[in-house]
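These protein sequence lines are chains A and B, in that order. Under my numbering, the first residue of the first sequence carries the number 286, and numbering increases by one thereafter. Under my numbering, the first residue of the second sequence carries the number 4, and numbering increases by one thereafter.
It cannot be assumed that every hint is accurate.
Not everything, but these chain B residues come out facing chain A in the computed CB check (under 10 Å) [stated by the list, open to error]:
no.: 1; residue: Val25
no.: 2; residue: Asp35
no.: 3; residue: Val53
no.: 4; residue: Ala57
no.: 5; residue: Leu70
no.: 6; residue: Leu82
no.: 7; residue: Trp89
no.: 8; residue: Arg96
no.: 9; residue: Ser98
no.: 10; residue: Met112
Derived by calculation from the structure, the hints in this document are not laboratory data. Glycine included, each C-beta is placed from N, C-alpha and C at the ideal position.
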Amino acid sequence: MESLQSAPPETRTPTTMSGIGRVLVAVYGVLALAALGRSFVQIVSKYEEAPLAYALSALAAVVYVVATIALVRPGVVWYRVAWATIAFEFTGVIVVGTLSIVDPALFPHDTVWSWFGRGYLFIPLVLPVLGMWWLAKHRPTAGAE
Amino acid sequence: MIEWFAWVQLAVAVTAGLLCLVLGFAGRVPSDLTLGALAVVELLILVQIVIAIAAPAFGNSPTGSALEFWVYLVSAALLPPAAAFWALLERNRWSTVVLGVAALSVGVMVYRMLQIWTVQSV
């Protein structure tokens, strides 16, 4: 990425997130908190009922947390982390969402991604799209923003 | 959980949320009004925490998972201060929108808490 040569990390814009991006981060933060809380409850109280679904919930929750942090942190590395985590989420919601409808027996217990995130007002489906759009428009180049 | 109180709390959270969203999209920076609305939302959550601690002693216990209820309650209590803190760090219209998002999230959580308390395992 060309910005690696053109901008040492110290001179890069201090906040990747300002303006409407803050709203995106806020929603990500809430989703991360909700997914983390729910997955904590599932694992503590009934993990053995559906280890796959609940392990997946936990993984998704952790990725949401990382994505939230990556969106806030400045710099090229965090920018790539944000891309990777958001792409992971998008893949997850599409794959698990489709599977949960095509073959409900695979996911008898809810995950954050079941039915494309129906239990979360479809936010898990919409948010990665908004996130990727935002990232594409806000490459961390020197002096940007 | 006292049912009518939860409904009041839900109404206040949704009202505060919509107010902040509207003012935020209208370009207002966080004000005493919007931050005050969040303060009211937070205050009601703190009252809810007291109620939730005391209620089981009076024979009013959750029908569903107490653990899940408390995870929601604690999460909800964290949101308004976090949003308000952020709003003070960078005051622009989007901070007001963030306040609205936080208040609406609290509303959703209160509704889930009410479900857990009243109908989850009935």
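Status of the hints after comparison with the structure:
1. Val25: violated (14 Å)
2. Asp35: violated (20 Å)
3. Val53: violated (21 Å)
4. Ala57: At about 23 Å, which exceeds the 10 Å cut-off, the nearest Cβ of chain A leaves the hint on alanine 57 of chain B violated.
5. Leu70: holds (6 Å)
6. Leu82: Result: holds, 7 Å to nearest chain A Cβ.
7. Trp89: holds (7 Å)
8. Arg96: holds (9 Å)
9. Ser98: holds (7 Å)
10. Met112: holds (8 Å)
In this structure, the earlier hints numbered 1, 2, 3 and 4 are contradicted, and the remaining ones agree with it.
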